[in-house]
Structure formats: C-alpha cells, structure tokens
Amino acid sequence: MATGALQIAGARRPGWRKALDSVPLHVFFIVAGVLWALPAIGLLLTSLRPVDLFTVSGWWTALSHPGQLSIDNYRHLFDSSLIASSFVNSILIAVPATVIPVLCATLAAYAFTWLRFPGRTALLLVLIALMVVPLQMALIPVAGIYGLVSPPGIVRVFLFHAAFALPYATFLFRNFFIGIPHELLESARMDGANDARIFRRIILPLAYPAIASFAVFQFLWVWNDLLVGLVFAGGTPPVTVAILQQMRNFGSSVDVISAASFLSLIPPLILFFAFQRYFVQGLLAGSVKG
Amino acid sequence: MSTIVPAVAPPVVEEERPILKGRAPAPRWNRVAIGFLAPAAIFVGIFIVYPVIATIIRSFFNRTGETFVGVDNYFKVFTDSRTLHAIQNNIIWLLVFPVAVTGFGVMFAVLLERVPYRLVVRTILFTPMAVSLLASGVIWRIMYQQSPETGAMNAVIASVANAITHPGHYQGARPSQPDLMQPAGDGYQMSQTVAPGDVVHMGFIGFPVSEIPANAQDAKDPSSQSGRIVGVVWRDFIPGGGGQVGQVEPGKKGLPDMTVQLVDSKGSVAAQTQSDTAGDFSFASTSTGPYHVVLPAQNFHPPFGGVQWLGSSLVTPAIILAAIWVWVGFATVTIGAGLATISRDLLEAARVDGATELQVFRRVTVPLLSPLLIVVFITLVINVLKIFDLVYTIAPGSVIPDANVIALQLYLVAFTGLGDFGIGSAIAVFLFLLVIPVMAANIRRFQGEG
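Read top to bottom, the protein sequences are chains A and B. Note that the first sequence covers residues 1 to 290 in our numbering. Note that the second sequence covers residues 1001 to 1450 in our numbering.
Keep in mind that the hints were calculated from the coordinates and are not lab data. Keep in mind the model is a prediction, meaning the values are calculated, not measured. Just so you know, nobody snuck in bad clues.
One side only, chain B facing chain A, incomplete, derived with CB under 8 Å:
id : residue
1  : R1028
2  : F1047
3  : I1139
4  : M1143
5  : E1149
Even for Gly, the Cβ is constructed at its ideal location relative to N, Cα and C.
Let's have the full structure, built from the sequences with the hints guiding it.
In structure tokens, the structure reads:
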C-alpha cells in the first residue's frame, strides 16, 4: 500500500494550464473546501464573540461586524481554574501514555524479534488477537481494580491508555525490527555486548522512525480521547472531559466551551501538520486499535 | 580438517546466548527474555487479558456482583427499550454512514486527480480527523442551533425557504375594526365588496412594532381614482395612545409588503399586488367587479422557524451528517493514495480503446480499487459500532434516548445513575461479539496488503 501521505509521489499530474480548462471542477472544489472549513471557522468566530450574542445572532455576522470580536473568552478561560488545569491534566496524561508504551513495546518487540523463548509464535498470535479487543471490555473490571488500589485519576487514565496501546505498538515495532539486518547485532555481540546494551545503543536509535510514528499517533489518540478520561479521571479531567461537563449549560457556557475547544485543537493540529506522513498509516492501523 | 575458532571468546553472560542462525538449541525461558517481555506482559495481562475474562464472567452476575443470574442480564439487555433503540440507531448508522463516506471519498479522490491543488483540498478535508470528536461535536452543536438567526444550517435553509414562500411580516396582526374584516382561512377578507373608484381601509393592531419593516412610513390615506381600486393597510395604533380607531392619522405607520388580492364573485384571484412603504396599494381592475379584497394567509405566517436538528426525530441524522464531515477526509486521502498506484498507462489504454470516462471508472478504476475500498469500508463500520463521543456531545441531554447508541448505552448503564456492572458487562460482551469479526477481517486484509 502506498505510504499513506497527503502528498503522493508518482504518476504524472496535470499542470496548471490544462487544469484551467475545467472551471466547473474548480468551482466545485472551492465550494467544497469552503463548506468543509466552515464549521471550524464557526467555532473560531463563536469563541471570539461575547456569550450573550450567541442566542441573538449567528457567528457569521462577525464577518460583517468585526467589532464583535475579542479575545476576552480566551482570557477568562484561565480564570476558570478547572479548564486551565484540564489542559495540564491532558498533558500529564498524554505524555506518560505515550512514553510508557514506547518503552514496554520496544522491549517486547526486541524479544519477539531476536530472543528465542518457548511459544514465541503462539504469543505473537495472541498479541495480534488482543489488538481487536475494544476498550469497553476492560472498563468495568479495571474500574474494580482501581477501586481497590485507588491511584490518582490521572494515573488511572494513562495506565489504561498505555496498556491498550501495547499490542498494536509491539506489533508495529516488531515489524520494523524484522527489517534490521542481523549483522548489526552479530557484530555487536561479538564485541561483547549483551542484549540490554544492544537494545539501548543500537536498536533504539535505529527505531526512531517507527517510534516517532507511533508516538505521534498515540499522543493524538490520548489527547483526543473522551471515554477513558470520562470513566477514570475523576476530579482531574482532561480537556475533553472538562469541556463535556460544561455542555450541560450549553447556551450560557458557550464562551468557555468554544474557546476551550478551539485551544484543544491546537496540539493535534500542530502534530498533524508536522507529521502528515504518518497519519493515514496510523488511521488505517488505528481501526485495529481498541 | 578445520576447526572454526572464534577470534574472540564468546561474551560471558549469565545465561545462554541464543544463536540466530544455523542449528539452534530448543528455546528455553531465560532471564533476558523474561526481562524484556515482562513490562508489556504485566500491563497487557492486568489491563486486557484479565478484564476480558472478568467482563464475561461479570455479565452473568447481578448489579452488585453478588448473585449469579445466568443469562438474565442478556435477557434484560435485549428487552430493554432503551437498548433496543440504541441498537436500532447503530443499524441506521451502519446503513448510511459507511456507504456515504466511502462514496464521497471515491468521488472526491477521483475528481481531485485532475487538479493541481490536490494537496490543499485533501488537507482541508482531512483536518477534522486530527481533532477530537468532542471538538467536532462542539462545532456541530453550534451549527445545529435551531433559530435561523444563530444556527448556520438553519440560516441557509431559511434564506432558501423564505425566498420561495415570501413569508409575511405581520404574524399575530388582527383587524382594528373586526366588523369590517372577517377571518378567511388564516388571512382576512373585507366584509363589503368593492368596485372601481372605491377606497379600501384596512387597519390592523395586535402585533409588535418590531415586525414592521424599517422602511415603513406614516400611512397615507389615498384618494379615490376612477377605474382603479385603491386602498391602504396601516397600523391603527399610535405609540403612546391617542387617535381614533379606523382613522388614518399621523403617527400611524403604513404596512409595506402586504400582499393584497382582488377576488371575483367566482372565488378566483383576479389581481394581486403589494402595499408600498406607506401601506398604499392600487389595482387597475379589468372589469367592474364587485370584488372581495382579501389579505391572504401568507401575510400572517411567521417566517421559517428553523428545523429542529437537535430534536428527537432529526438528531440521529444530524449526528450522522457531522460524522460524515469528520470522516470523508480519511476516505478521500486513503483512496487517493490507492488511485496513485493505478498505472496511468492502464487508464490511457482503456481510453484509447474508446471507453468513456465513466466506463474507465467503472471497469478499470473501481475493480482495481476494490480491496482498498473494502478496507476503508470496514474501518468505517468498526468506527460506527463504537461511536460514542460525537453522540454524547451533540445530543442535548433530553434527546439522548433518541440518539442513543450501543457504546453510549453501555456507559450510561454502567457508569451513571445507579451503575449496573452486570448489565453493563453484558452490553460490553455484546459489543465485543459485534466488533470482533469485523476487526478480524480488517486485520487479515491489512496483513494481506502488507
């Protein structure tokens, strides 16, 4: 399958001059592009307008009356301590939820690739099977475990995310490792390195592309998650959950909701534009993920 | 005779070194393997393996987990109207969503092949995939506001609807002199007939001044013209009081844009006109009459009130529409990638052989694309089965039962209200059974592709 990329290299493309022949097509795409971007623009403009205007006029009136616009909502966002801290919570959740699986999965993938142990093939198949378990299957029993141990909400969330990322991450890294030539390890072994050293000094640096690809996708998945945060975060919710809590009073809280929502878009958008290449791959694979 | 002596002694390590090539000893568990596998194994064991088993077992116990109830929970799940409604909604999603998104994806991908700004459009389409479904939910909740004043969707529909039906301004207006005008349907009709040379006076009260268009002027009492029927429609009320009922006086505004009809004795509309900014109108009648003067119902009908997107009947289609907006980019980009792998020469050859674009598309492109289309389709199906965030965000609390889906029902049953983990587990198992075959098929295809 072609490396999922928004930019596809390969076959000849029509040049600009020839393309100008098909004006209706261009009109179509201008309309389509505007239509697709419009809802998000609506969010942005809503977040830049005072809340009492929301029930009176539409956000599009701001286009002809730019005087409505102000960044007050964003300023007040950080007065409300719950929303401000929810951004911190999201980071505190997303970072460990990305780092932990990277560590555990690279180690396990190393074992699956180069270490021999009984039942290696069988365990690999189990791993592939585990990739399809929906996270709904784990919510209730894990809630029970957490009830006994009582870790803080943030820990509950990121441990869950880390665990569910593991089957797919291990599979991904193993596939990558298989491509690394044996000779590298052989010569390192001959130089006296044990597995731990080979892992740290040789494999991890080589695995950077796979790790980056996974990390971007995992960070995004966790940052954007709602359900796991809703179930486990308790009093320290991530941004998604904090916004959802405001939705009860949608009309009167739309200033907070829209501003917070727009801010919550920024990290994913930055990651998206920086790492476009990995996205489609990740998504097709993400359909496999719980 | 040669012996192979390693140049360097094998490194001394605590356990056996596994040999990667050649004759190898039977694999044994050693500390290295255990060390490398343990972290992942512990996590997966605690968080995935144990819970799967535990959930299945838990589904056979009651709410508190103390009493074994057999398949009672499953029975409850499939007879509970809320859950059944949720399943029904998932079915609606399944019928509409994957087909729609794949269809749009193919259409966009194919058309985009012909323009050089492909990347820009793809990026715009794809961006909703990068952000949280909660944010997308908020975006669409804003779009779906009912009032055409505030909700973008309804604003567009309103401008179309109002352009077609020309709604009136004067909702709630009633005659200031009821004996002169009778209700006729939702409109009004003068009790007395008129003939050319007559002047018609129609005064109205009972509606807010905000309904009068800004260009309205003080009403002018027209003078009779022979051969024409003239008249005035005005607001028979002076703000602050004063004046006489039925008189056209300064301070009383004329009512513009009122549709006035002349109806002949057979009941058909002989002529129709609109009042001007002073409320005046005139007809050049073609015959001597007599006519009834009628103000049709549309003058008093309110303008388009807005589709209730977030009401019980439309909320599921509304959420599906939002979901299509989110996922079309995924389909477009993925299928676009697939299209790029189709050899241009193949398409050229077909065109040279005389195939039309449509035939090229149907006979060459689609068959070559079909494995990818299936993967995309299955991915969408999986997402439908687990759909949660969008529904919970877009549907206001009162409409949740109408918009409900399986994953949401599970959350509501298990984690809100009293919290029934028994039934919740049963729903989870049900979801698991639905999702597994689909995901397994996807993985198999995925691995086949490579």
